[in-house]
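Go by the hints and put chain B onto chain A.
For reference, the chains in residue letters:
Protein chains: 2
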Amino acid sequence: MSLNQSYNSPLLDAAVSELAKLPGVGRKTALRLALHLLRKDKETALSLGNAIIEMREGIRYCKICHNITDEDVCPICSSPRRDRTSVCVVENVKDVLTIEATHEHSGLYHVLGGLISPLDGISPADLEIDSLVSRVEEGEVKEVILALNPTMEGDTTNFYIYRKLLHLPVKVTMLARGLSIGNELEYTDELTLGRSILNRVPFSETFHRED
Amino acid sequence: MSLNQSYNSPLLDAAVSELAKLPGVGRKTALRLALHLLRKDKETALSLGNAIIEMREGIRYCKICHNITDEDVCPICSSPRRDRTSVCVVENVKDVLTIEATHEHSGLYHVLGGLISPLDGISPADLEIDSLVSRVEEGEVKEVILALNPTMEGDTTNFYIYRKLLHLPVKVTMLARGLSIGNELEYTDELTLGRSILNRVPFSETFHRED
Numbered sequence: 001m002s003l004n005q006s007y008n009s010p011l012l013d014a015a016v017s018e019l020a021k022l023p024g025v026g027r028k029t030a031l032r033l034a035l036h037l038l039r040k041d042k043e044t045a046l047s048l049g050n051a052i053i054e055m056r057e058g059i060r061y062c063k064i065c066h067n068i069t070d071e072d073v074c075p076i077c078s079s080p081r082r083d084r085t086s087v088c089v090v091e092n093v094k095d096v097l098t099i100e101a102t103h104e105h106s107g108l109y110h111v112l113g114g115l116i117s118p119l120d121g122i123s124p125a126d127l128e129i130d131s132l133v134s135r136v137e138e139g140e141v142k143e144v145i146l147a148l149n150p151t152m153e154g155d156t157t158n159f160y161i162y163r164k165l166l167h168l169p170v171k172v173t174m175l176a177r178g179l180s181i182g183n184e185l186e187y188t189d190e191l192t193l194g195r196s197i198l199n200r201v202p203f204s205e206t207f208h209r210e211d
Numbered sequence: 001m002s003l004n005q006s007y008n009s010p011l012l013d014a015a016v017s018e019l020a021k022l023p024g025v026g027r028k029t030a031l032r033l034a035l036h037l038l039r040k041d042k043e044t045a046l047s048l049g050n051a052i053i054e055m056r057e058g059i060r061y062c063k064i065c066h067n068i069t070d071e072d073v074c075p076i077c078s079s080p081r082r083d084r085t086s087v088c089v090v091e092n093v094k095d096v097l098t099i100e101a102t103h104e105h106s107g108l109y110h111v112l113g114g115l116i117s118p119l120d121g122i123s124p125a126d127l128e129i130d131s132l133v134s135r136v137e138e139g140e141v142k143e144v145i146l147a148l149n150p151t152m153e154g155d156t157t158n159f160y161i162y163r164k165l166l167h168l169p170v171k172v173t174m175l176a177r178g179l180s181i182g183n184e185l186e187y188t189d190e191l192t193l194g195r196s197i198l199n200r201v202p203f204s205e206t207f208h209r210e211d
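Listed in order, the protein sequences are those of chains A and B. Heads up: the first sequence runs through residues 1 to 211, numbered per my numbering. Heads up: the second sequence runs through residues 1 to 211, numbered per my numbering.
If you're looking for bench data, these hints aren't it; they were derived computationally from the structure. Among the hints, erroneous ones may be present.
Residues of chain A placed beyond 10 Å of chain B at every Cβ, according to the derived structure [to be verified]:
1. E104
2. S123
3. D126
Below, computed lysine-lysine pairings styled on BS3-like, alpha-carbon distance capped at 25 Å [claimed, not checked]:
4. A:K21 <-> B:K28
5. B:K28 <-> A:K94
6. A:K63 <-> B:K42
7. B:K21 <-> A:K42
8. A:K40 <-> B:K94
9. B:K40 <-> A:K28
10. B:K40 <-> B:K28
None of these values were measured; they are calculated from a predicted model. For every residue, glycine included, the Cβ atom is placed at its ideal position computed from N, Cα and C.
Only chain A is shown next, with the shape it has when bound in the complex (with noise of 0.2 Å):
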């Protein structure tokens, strides 16, 4: 089929063009989502559609960790339960998910919203660097734990938010690199290897660390 073909109804070829723009999606898929919709049930679709505009319009965004929410402060740093003197620093709202999942953090978080990248054109006031500068300035945080992807941007922005936060009494800590639990030395790449080598840690303090 081509690319371009019509489907006879205006109305189908407007659901597939939309379909498509998704990520992952291509036409030939895009069709048949569509055509799925239209073979289930009226409800199916309505439910889908009205989702998808009801959570576009009525999402906001934490106004302390910048997380997504449908309230003005989401859950977590609402939250009395949670330890307010620890942010965890990720790149993005997913990343969040991605922590909550471990249970390894009973902390606080704050969303950058992306990384320092040059090649991208995302310079640091892009991102919501000052106002963690903020949060900690307030006095209450005690550490933050850059939690950042093992990549170059990551580290650079790991390194800009170090610089910013250097005059502040805050301890910033970042996620432990090394070998992956389950991976074998042999297919773990050289840098990460050579990176566990250098930090290896004293083989008693890994007890400690099962509390």
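Relative to the frame of chain A, chain B by itself:
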């Protein structure tokens, strides 16, 4: 991430749940799509949502051939350039598009809406077979081309329609089955190869078909 994880936002939860109902879309993909829609400008998400709703509410089925259309009668049935004596019978709307893409059928279509399948509880009464017979009875149709999938259900439906049309002055043909063009003999299944031997055609005829 657990399957029923909540994303700090009932609106996001709802959108992810609805997106995950699409065929081939799991919860992880649904979350990726939802976050993509949140990242993009508002217009993208609203256009998608509205296109889905408008398609589902606005699309109708052609009252002659049961193809999808925005009108009472689809553009193919109402086109003066199509050969009204030849009707190609297909399983679904997608097959119309597939056959149209070959540019080898200049006649009309008839969309059955499925195939006879006792296992799935689909009987002839659930399909647009009676309406096909009525169309043929009107007398204008000279040839019915059965273009159903070469499966057990397709063959059953072919035979059922053939018997239903037996008493009418209409030629009933079906799509040729044989070697796929470009395929090697070695990799053709025995059934197809066997049938292509039984249904061999005079070599000279293959020239005429080029016209």
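* Enumerated hints in conflict with the structure, sorted upward -> none
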